[in-house]
Structures are given as C-alpha cells and as structure tokens.
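Now for the letters of each chain:
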Amino acid sequence: MTTNTGQRRPRTAPIDDVSVRVRGLTKDFPLGGLFSRRSMRAVDNVDFDIPRGTIVALVGESGSGKSTVARALARLERPTAGSIVVGGRDVLKTEKSAASRRYRGTVQMVFQDPFGSLNPAHRVEHFLERPLRIHGKARTRQEVRRQSAELMRTVGLTEDMLDSYPHELSGGQRQRVSIARALAVDPEIILADEPTSMLDVSVRIGILNLMARLRDERGISMLFITHDLASARYVADTTLVMFAGALVEGGESLELMQNPSHPYTRLLLSAVPDPARTVRYDPVQRARLRQAVLAPTACPWQGADCSATLPVRHTVGPDHWVRCHLYSPQVSSATNPLLTDSDPDLESNLDAAPVPTRKAAR
Amino acid sequence: MSVTNPSETVAQATPDAPAVVPASDRRPRRGLLRGILGNRKAAFGAAVLLLFGVVALAAPLLAPGNPSLITAIASQPPSLEHLLGTTAKGQDVLALTMHGARTSLLVGFVVGAAATLVGLLVGVASAYFGRVIDDLLSLVTNVFLLIPGLPLLVILAAFLPPGIGTVVVVLIITGWAGSARVLRSQALSIRSKDFVAAAVVTGEHPLRIMFREILPNMASIVMSTFLACVIFGIGAQAGLEFLGLGDASVVSWGTNLYWASNDGALFTGAWWAFAPSGLCIALVAFALAMVNYAVDEVTNPRLRTTKKGRTRA
Amino acid sequence: MSTTPILEVTNLRVEYHGDNRQVVAVNDVSFSIGEGEIFGLAGESGCGKSTVANAIMRLLKDPAEVTHGQIRFKGRDLLALRGEELRRFRWKEIAMIFQSAMNSLNPVMTIGSQMVDIFTTHEGLSVKQARSRSAELLRLVSIDPVRLDSYPHQLSGGMRQRAVIAMALALEPSLLIMDEPTTALDVVVQQEIMAQISDLQRQLGFSVLFITHDMSLMVELSHRMAVMHSGRLVEMADAELMFASPLHPYTLSLMNAFPPLTGPRIRLTGLSDSVRAADGSSGSCSFHVSCPPDRANCSGNIPDLREVEPGRFVAEHPRPSIEGTAA
Amino acid sequence: MRFIVRRLAFYLLAFWVSITLNFLLPRFMPGDPVTRMFAQAANKMQPHQIEQLRQLFGLDERPIWQQYLSYVHNIFTGQMGVSISRFPTPVAEVIGSQIGWTLLLGGTALVIAVVIGNLLGILAAWRRGGVLDSVFPPILVFVGSFPYFWLAMAALYLFGVVLGWFPIRHAFDAGMTPELSWTFIASIATHLFLPALTIVLVSIGGWMLGMRNTMIATTAEDYILMAEAKGLTNNRIMFRYAARNAMLPSVTAFGMSFGFIVGGALLTEVVFAYPGVGYQLLAAVQGLDYPLMQGIFLTITAAVLVANFLVDIVYVRLDPRVRVS
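Quick mapping for you: the protein sequence lines, in order, are chains A, B, C and D. Here this note's numbering is used: position 86 in the first sequence is 134, and no number is missing along the way. Here this note's numbering is used: position 158 in the second sequence is 170, and no number is missing along the way. Here this note's numbering is used: position 220 in the third sequence is 215, and no number is missing along the way. Here this note's numbering is used: position 140 in the fourth sequence is 244, and no number is missing along the way.
Fair warning: there could be bad hints in the mix.
Only some residues are given here: those of chain D computed to face chain B with a beta carbon under 7 Å [claimed, not checked]:
| # | residue |
| --- | --- |
| 1 | Leu129 |
| 2 | Gly200 |
| 3 | Pro251 |
| 4 | Leu260 |
| 5 | Leu370 |
| 6 | Ile404 |
| 7 | Val408 |
Don't read these hints as lab results, they were simulated from the structure. Even for Gly, the Cβ is constructed at its ideal location relative to N, Cα and C.
Let the sequences and hints guide you as you build the complete structure.
Given below as structure tokens:
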C-alpha cells in the first residue's frame, strides 16, 4: 500500500529549528560476490528530524539497521535512496560523490569501539590536531596545542594526556578523546554510535553526562544510537525505536517509555532487567507480543496483520507516534485505540502487560 | 628450499583472523623495533646477515681478481693454500663462494624488495578502491599463486634473454602474488577499522589516510613479507641457475652449484665444490627466517615458547 | 533455599606471572554458596570475577596460578584434585556456561555429538542411549531435537546459548557457574534465557554462581550477591538489600550505570565524573579508580570485608561524595 | 555446492591464464630463442612437423585470433607438438611416460611430510615448552633453509656415493623390466627413499610450525576451555576439538603448497636422475626444447589445479560452515 504522505510524515517543524532532516532514507547492501544481484535492505524508508540542540536516541537490537543510519549520516555509506537535509541543503544531491569539508565541519561522529577508533600508531594530540588543521581552526603549533588542551579539559581529561598513546588510556578515556576529536571541528551535530556499549559499566554514565552537557552548554544536536532503552531514557529528549530497518515508534523519551505502544517497543521494554519495576511481566502476554513482532502473518491481534499492508504512522499522544495497525481508526475504536471489538481479551491482556502504569493514549 | 612460497611462512605465522589476539596482546607499534633487537633469535639472524653482508661487500678485497679464472690445479681438497679447495676446472672455491655472495644477496634483496613493493601496491590498492578493483586484483593474485612456480619460472626464463636482469624480473613475476595476498588481507582488515572511518569523518584526504593512518600499522607485516620474499628470491635464483637457466658466466651460489653438478663433483668425491655455496644459502635463509620468527613473536607474544612447562590441569 | 554451603571459597588468591612481575588477579576472596542458592558476583571487566570462576573450575592456564586459599566443594578440597580425578569431577559436580555461546561450541561438530560426548565420557553410555538423553535435554530447553544434527552456525545466538545450558545440565550438577551468559545477546533473547534458567533452577534445585557486570540483571535473578573490584570483594549482602541501599561507593557506581526505566529523570554520577576528575593523584585512592594501567598489585589497599549487619559485609565505609542525587 | 562451483570456475580461469601465457610468450618475447631452436632442429624434422611447431610458436602468418583458437584447440586435444630433445616423440607422449614417476615421488613425499609434520605440530602445541616444542622447530627450520636440490646432492653424496646404502640414480635398477613383482617394487622403494627423504626433510618444518601456530591459536578458543570443563579426556580434546579445527588452515595450505612441492620434486629429480618430468625439464632446457618445456608447464599446472580442486572438496567435507552457502 502506498501510504498517504501527509499522514506518515512526522509533524513538520520549521526547517530552521531542525539540525538534520532525514526523509525516505533507504540502504540496500549487496550480498554475495561480484556478479551477485541479491541485496539486503538494512534501512527501509526512514524519516526523522533532529531538532536543534536536542539528543535523539535511535534504539534497536543488533542488526536493526540503526548503525547504518548513523553511518549514512556520516557519509560513510552511500544511501540507496532518500534525502539528508543539513543546513537547508539536501547533501545527497549537492555533494554526491563525497562529503564536502563544510559537511565534515558540521556533522561529526563518535564510534562504538574505543579501542578501534583511535589509530594505535599516533599520539592523542594527532587526533585533535588533524581536525583543527583541516578545518582551519588552528594554524600554528601553539594554537594547536592550546586548543587541543582546551578540548581535553572540555571532555574531562588533562592536557598531559595529549602526549600519550591510545593504549596507555582506559576505555572511558579513549572514548572521551573520540568526543574531543569530534568537538574539534566545532560541529553542529554529533552522531554517537553506541558510544558506551563497549565501556566498563561504571564509566558509562560519565560519557552520557558529558553528552548531555555538550547539548546543554553548546547546543550541539546528537543522534544517539543505542540498544539500551535505559540510557536513551536517561539522556535523550526524543527516542525512536527501530526494528528490522524501519522506525516503528517515536516520541518524547519519558512519554514513550511510559506508554510504549508498538508491540516491539513493549517487548523490548519488558525485557530490560529493572529490579525497581513493581509489575512483573506475564509470559502469555510476552508470547503474544513476540508473535506479533516476529511473525507478523500470525499477529495475535486480528485485523492488525502488517505483513499484507504496511502500517502508517498514527499519533498516540503529544509528540508520540507509532506505526502499527492496532492504532488505525479502522481497527480500533476512536476512544481507545488499543482495543478492538474483535478481541475482547485484549484489554485484560494488556493490563497484564509489563508496563506498570499504562494510560490509554489520547 | 629452492622454490618456496613467500607467503607461506608469513601466512601461517600470522593467522588471517586478528580476532584471536586478545586485547591484552595489543602492543604499541613503536615497541616493535626494540622488541626485535632484544630477541635472541633476531640477534642471531642479524649477526649472520651482517657477516654475509660484510663478506659480500669486501669480496674484491678478500679475494682479489676474477674468481672464475683458473688459478690452480683442478679438484684439490681444502688445503692451506686453498681453504675450501678448488673446482674441477681449477678455480678457488672460497673466492667463488665469496664473490657468489655478492650476486646472490643482491638478487635476493632486490627481488624481495620489489616483490614486497608490488604486493604492497596491490594490497593497498585493493583496500583503497574496494569492491570491483579488489575482486579483480585478488582474482589475479590467486591465479598467480596457484600456477606452480618453478615450471612458470622455467618457461619465462627460457624465453627471455639470459642474464641477471631476467632472473630478477622472472622472480618478481612469480613471487609478488604471495606477498600481495598477505598484505591485501592485512590492509583490508585495517581499512575496516573505525579509526579509518574516523579519519574520513574528520575530513582527511584519502591519500593521507592511506599513508598516515593505514601504512604505519602494517610495518611488521611488511617486514615479515619482505624477509620471506628475500628467502624466496635467494632460493629460487639458485634453483633457476642450477637448472642452467641463469647466466652461467656470472658467479653466484646457484651457478657454483650448477657447475659443481655439471662437473660431476658428486661422483668424483669433491664435496668441497658443492658444500660451501649450499651451506651459505641455507645459513642466509635460516638467518632471515629467524629474524622473521622474531618479528612474529614480538607482535604475537602467544607464539613464544615458554620455558617453564607448567602442568596442564 | 537451604543455608548449607555447597561451595566454600576461602582467602583465594590468584596471581599471574608476567615476564618480570606478578599481577594479583584475585586477592584474598572468600564467599560461600548455599545449596539451591543463586549467588551473584558482579564486577567490571578485568576485576577478576572470571578468574574466580576459572579457579573453581580448575581451568586456570599457565601464567595464572592459585597461590593461596582454599576451594571446598561439598567438603572436598578442589585444589587437591589431580588428573583423572579432576576430569571425572568436572561437569558431573560443577558445570559452566561461558560468555559467548558462539565461541564455546566447537564449530565443526554437531550440537548432538558435542552433547553425546558428555554422556559417553562420564557415564559410559552407548552413542544411541546418549543421543536419546541429549534429545530429552534439548526438549528441556525448548529446542526441537532435530537440532541435534545441526552445526552451531546453523542456530541463532539464543538457541546456541540454550543448547549450552542443556549441555550444562546434562549430568545434573549441583553447581552451575554462569560467566556472563547473556552479554553477547540482545535484550529480548537475554530475558528469555534468564527466565529459562530461573525456571530450571526452581525445577532442579541446583546452586548457581552467576557472574555479570549487569547489576539489574543480577539483582533480578540472585538471592545473594557480592561486588568485586580489582581482585577484591568490596560488598556482599542479600541481593534485594544491596539493591535498596548499597553501602560501598563502587557498588553504587555500578548500579548507576543502569539508569531506571521509571520515575523522574535523576542525574547519576559515574566513577570518572567524581573521583578521577576531582583527584588526579593516586595517594588518596579509595577504591582504585585511578588504578595504574598495568594493574600491578593495586588491590592491596582495599580493606577486608567487615560484617556491618548480620549477613551484610562491606569493605569500608561509604564515601558521601559519590551518591545519586536528584537533579 | 555454490562454493564448489565457484572454485571450479576459478580453476578453469587459472588454467585459461596459463594457456594464454603459454601462447603469448613465444609470440611477444624477442624471437631468437625459437629461431635458434628451429635452426638446430629443422634438418631432422618432417615438413608437417615443422609446420605444426610453426603454428604452436606463432611463426605462421595467420591472424592472431585464429592462431589463438587453433592453439587452444590443440592443447585440449593433447597436441603439444613434438619434443625436440626426444625427437620425434610427441610432447604428450614424453610427458605421459614420465608424469607417473613425478606423481609417485611428489605424492609420497607430500603425504609423509604432511602427516608427520602436522602430528609433530599438534604435539608441540599441546605440550608447550616441551622437548618437541623447543628442540624440533629450530632444527627443522634450519634443514628447511637448504635448497631442495642441495640437500638432495648432499644425501646422494653421503648415502649413495660414500656409504653406498642407496642407489644413486634412476627409479629402479637398470636392466629390470617394469612388472608387478616384489623385487621390482622393492627396487622402486629403494630408489624412491633418498629423493623422497630430502623433500620431506625440507618441507616438514613448514608443516610443523604452521600446525603448531594454528593449534596455539585454537587452544585459546572458548570451545577448548568448555571441552576441558566438560571433563573430556585429553586425547579427545586434542584431536576432536583442537586439531580438528586447527587442521582447516592446514588443508588450505596443503592445496596451496602443491605447486611448491612439485617445484622441489622437479629439482630433486634432476639430482637423482629420477625419470620424472623434472629430469626431462632439465633435458628440455639444455636442448632448447621449447615445446616440451611448455608442455611440462601446462601439465603440471593442470595437475596442481586438479589437486587443489580435490582439496576443496575435502575442505567442504571438513568444514560445515562452507557447506551452507
């Protein structure tokens, strides 16, 4: 089904308030060898905005395509289709073959692996000196040194570490160097691809706090790729949930975690271990969610089978949308989109759902 | 081994999967040289190579004159006058051996350097251009790896005008593929590292990424490839010359053996005619192999032979 | 759960012999696990928790060596086991689930033959009998027995880990060691695996030593838990109790790493935010945040566990500077 | 299955490259070696034989693509011209009568070196720091540093000429007629011993060290630790778990090394006057017998490719992971 554009696009804010606007982003990876025609769709028609000065979390499991979105935005992968609007220009059209220096000066990236993202052959200063010089932020040795030192302090490191090699630093320190490297070009947007997942747990929160500080103090927008809903909730203003290459739900982070609407989001949330949670999940309900997610042809909610027709975005709350037939007006009643006439058990089942306090979405 | 696979030693010692090296084994690259210098195997290898290098350079001083000239009675066993005896033609074996070192080492190192360079170019080009170019280049590499070396050497050498130049060219043609395979897989694995992506995002020029980010991390593998290629060069040259495909008028360890065999040294009991050149080839190859193992051990500490054999539970 | 200890680890010390230095990986660690108890051991990578597991299983390899202490299992001295005796003991009494199921299965043998191995070696069953026992085990972890003839790469990550669990339960061991059994898995699969282990534990009543860095996961599963840092235990208590009010600052920082999913957003602090930034010098090291990179015997400064309440142990008094504060 | 088909296509490609190389060399290299050969051989050849050789070497005036097509056709029908050094025997016949000896020598040596080398490697890795691990590698590397033919010369001199324990030339006693009798087989075995020994000695070190290193990498894998935790017997872990996996790179190396072993065997044959294609190659080089040289090159290439293909089939049996795709 070709979908009604107006209906499935997110609420369109004025372009000036948006750092990045992504529309219809699609990426196919070729499979097999030189002459193979097969391909795998990693990212499927993804739309989202990153409002200026906010952190947008993109949450999903491994293989959901979330890292590919970040790499496409960093222009490390060439998307198969779609547009990326930064600074009012669709950069995939204006800078077709490779990203311009201007783009590199606007959009920066922090990688997942703190061991792999710093070249072991260079000292820390090299990682800051190169962007400073390439983007004309510093020209003399003294300027480079002074600005590098300042960057180090910004990310909570000391100047003397500039002369260290990466292997002399801990994982957390390395990740801070990566953030400093991204900051060196004075970017507007930072793409953070699972910046904490390979760190020791006790230093993770520090990196998240640093991200929040950079947003609050410098107005930097961020796309925060993570598999951890809790970190997304902790630091991100908006959370987008990605499943099998497509966005299935999005909204203000607290609201989304409070009222998860898509079966996948619910499943994901119910699986996160949280000892503080008062309501235990019900295995029967979980099994239904699982089936809805993994076997859409056998979706336990009748009329909500999304294998035949693609669901469109439905608004379920202020700044909160979901792509699931359950919420389409044909299937559900107008007052409570979660209920269907054909499935009287639904309400009781959903009451046993893993979310402690579930309010009916307006 | 006269015709050995230059990739064999390298490929086996450094498995393609870097994943098996645990994080604790990650060593700083700058420690490589110090590590090698402090290694007993490397010290032995370097000393032997140095000795041969000095002898090769000083050969005209140590044994003045043209070593192929007939200067003595034929087929003399070692004596004070001729420390290593004389050939069936009456040439001094010691002089032949020392002068032979010049050609053999020269050809070996030239071939080693050139084959490594070609391999490096192919490997780096594969990593740099990716997909289609990489597929084509690795196809060519694999075809060359598969075609048996010695017969190929023979038909190439047979059709080209004889001479040292031919030998060098032919050995490069047959020897580059092994190093290309190893260097390509290393270059590709570094190419896929996040620090390369980070450099791209920073806005670095692709050539700078190639030379400043990727190449410095390939130092140790380039070194072992080079050493393996030199071993290949020296051995294969000797093999070619032994078959009579070199320039028989040039003095080298290979031609010495060719003449020794042609003159029937084996059957006349003149062991001194063929022993020295072969031992020299073996010593040089062994020394190079020792340095190579030292490089491997320094970069992959797990391969070290531990002295205290703790009981396995 | 009964309180009879099935496993007693007393003053365990494990050292790694480097080229010219010794690194103490586990330093004077004592704990015990009761019958039918799930005991959690939390800590970050490199803190020595896996070394403890390998020491109990007697799997420590060459540079690592138990230099002090005792490990008693049902009254038997494990460190005294040798050769054939040790071989027979393993898996029969204590089984172990390793971190990565992908890597802990032999890629060139079918799941079935890797299970059959256990029965033929330990119980001398015929291959046919062993196969039918293996099929039962797979059913126990809800895997179709046709998977006996599958190779590991043909199974999904979760299924592989379940197959490993089935193998671990093959000889009905009294203690199951789980070393980060779900770290490589996605959260949904992780939840399913943990639920399954929890069910099986209730059914079969074995004890568990559960090792992870994920405090929330640990609190959900474990009865009692200990937190390990730099080779030492810093806190040990009932799991619910420790979660409700951690006494040691390191415990708190581990918990802070997993922000809550409900309630208001509060600002949490991690290790490097507070101690490291505030204090660059190593002199006043409270619990080794500024541990030297070579980790050379830095665990010497952590005090011994002290019982502050019945069943509640902590290595030192908490420092007020590192606490979660509402933003 | 896809894997096998892809490998087969690759080997066909490699063979095509060899044929084309063979075709191009005499046509684009400076012409004198071939002319010299004709000058030397023309007087004893029949006109049609000369014509055939002229076609093979591109001395006829047909367009190059026609030459190429007929060349490929000739190769696949086994017409590789007549040998000059063994005039007037056709090249195919010369090679056919000798390839068997080369296969016997190379095959025997390869199998022995691989089996013993890998076993030594397994044991050395299993007992790190033991006698096998500390004494053997340096010795074998040193022995492996000798050129094949030199070690052959030394063995021939010592055991053949000086001590007289083994025959010094040919594949069986002069005057014997090939037949299926014990005495004949014994004669073949005694003649085979020294040449095979030298090849084994030179190549065994590489196998041992290669296996040792992959075994060391393999024993660090989690599944070895798990096998040990499972309480399996040491032998079972060593062979079924560790060696079985460590073998895989070895099998690949086995295929790759055919070409090099054949090269070594050729040179060894020269020293022992062993009547295989290597010995014939020397005669071809000395007699400027280009058709024979090219024929030997193609035959050996084909043999190596076939052997590699067989190894691939074995590999698919050994590694379930390549079977699926």
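A quick look at each hint next to the structure:
1. Leu129: Cβ of Leu129 of chain D sits 5 Å from chain B, so the hint holds.
2. Gly200: violated (17 Å)
3. Pro251: holds (4 Å)
4. Leu260: holds (6 Å)
5. Leu370: holds (6 Å)
6. Ile404: holds (5 Å)
7. Val408: holds (5 Å)
Comparing the model with each earlier hint shows a violation of hint 2 alone; every other hint is respected.
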